[in-house]
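> Sequence:
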Amino acid sequence: MTMKFTIANLWNSTPITNHQPVQITLSATNDKDHLLIEIDAPFFNDPAPPLSSSSSSSGPYPELWNYEVVELFFLASSTNHYLELEFSPHGHYLVLLLIDRRKVLKQMLPLPFYKVEHRSSDRWIGRAHIPRSLFPADVDRFNAYAIHGQDDKRTYEALYPATIDSEKPDFHRLEFFQVLNFDSLLNVGEQDGDHWNTN
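Counting in our numbering, the sequence shown runs from 1 upward without gaps.
In case anyone wonders, no lab produced these hints; they're calculated from the structure.
It is possible that part of the hints are untrue.
[Stated by the list, open to error] Lysine-lysine pairs mimicking BS3-like chemistry, simulated, CA-CA at most 30 Å apart: (1) LYS106 - LYS32; (2) LYS168 - LYS106; (3) LYS153 - LYS4; (4) LYS4 - LYS115; (5) LYS32 - LYS115; (6) LYS4 - LYS106; (7) LYS153 - LYS115; (8) LYS4 - LYS103.
Generate the whole structure from the sequences, applying the supplied hints.
Here is the structure:
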């Protein structure tokens, strides 16, 4: 089973007209134990996240939403538990487990695989394997976003955007998430994945 999505609008439902859209593909890995995410996105060549003594040139990076990223959110509407995944064209990613709106349970969790390929100067491909253990039980809603640009040129794009009269971008507006038949991709079961255990 494969699902494909295209981010065709800005966060407030305005159509994107100045570049090719972000394409996202979801599928199950052969072992049925991981979700395979493939991102095909424009590369805007924003500055990469700066390196520090606590960060590396790839892998988990804090507050990645401040840079050029594509974000995916997987929500269990029965519990309001959701997984937020952020991916950078520079090889960084950020994993967050959230309860209700913006309440972070865990973050900076590692992924077994994330690789970026630049097929041209203006486009990048990111592939990630997301283990079953990161997902909450009963995922049934989804949204995806893309962010690029700096300062007053900062641009926010959404798969399922807010209404055109919304005042500012907020990617945690769970009411705008749309139905996703997640069980056809990955069967998490009736309990949240192991990473949701707070012990």
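> For the pair supplied as a hint, LYS106 and LYS32, is the alpha-carbon distance within the 30 Å limit?
holds, 24 Å
> Is the Cα-Cα distance between LYS4 and LYS106 30 Å or less?
Holds. LYS4 to LYS106 sits at ~28 Å (cutoff 30 Å).
> Would the hint linking LYS153 and LYS4 be met if the CA-CA limit is 30 Å?
Holds. LYS153 to LYS4 sits at ~28 Å (cutoff 30 Å).
> Are the Cα positions of LYS153 and LYS115 separated by 30 Å at most?
holds, 28 Å
> Compare the distance between the alpha carbons of LYS168 and LYS106 with 30 Å, and conclude whether the hinted pair is satisfied.
Within the cut-off at roughly 26 Å; holds.
> Given the hinted pair LYS32 and LYS115, is their Cα-Cα distance within 30 Å?
Holds, at about 20 Å.
> Please verify whether LYS4 and LYS103 have alpha carbons no more than 30 Å apart.
holds, 29 Å
> Regarding the pair LYS4 and LYS115, is the alpha-carbon distance no greater than 30 Å?
holds, 19 Å
In terms of the numbered hints stated before, the structure departs from none.
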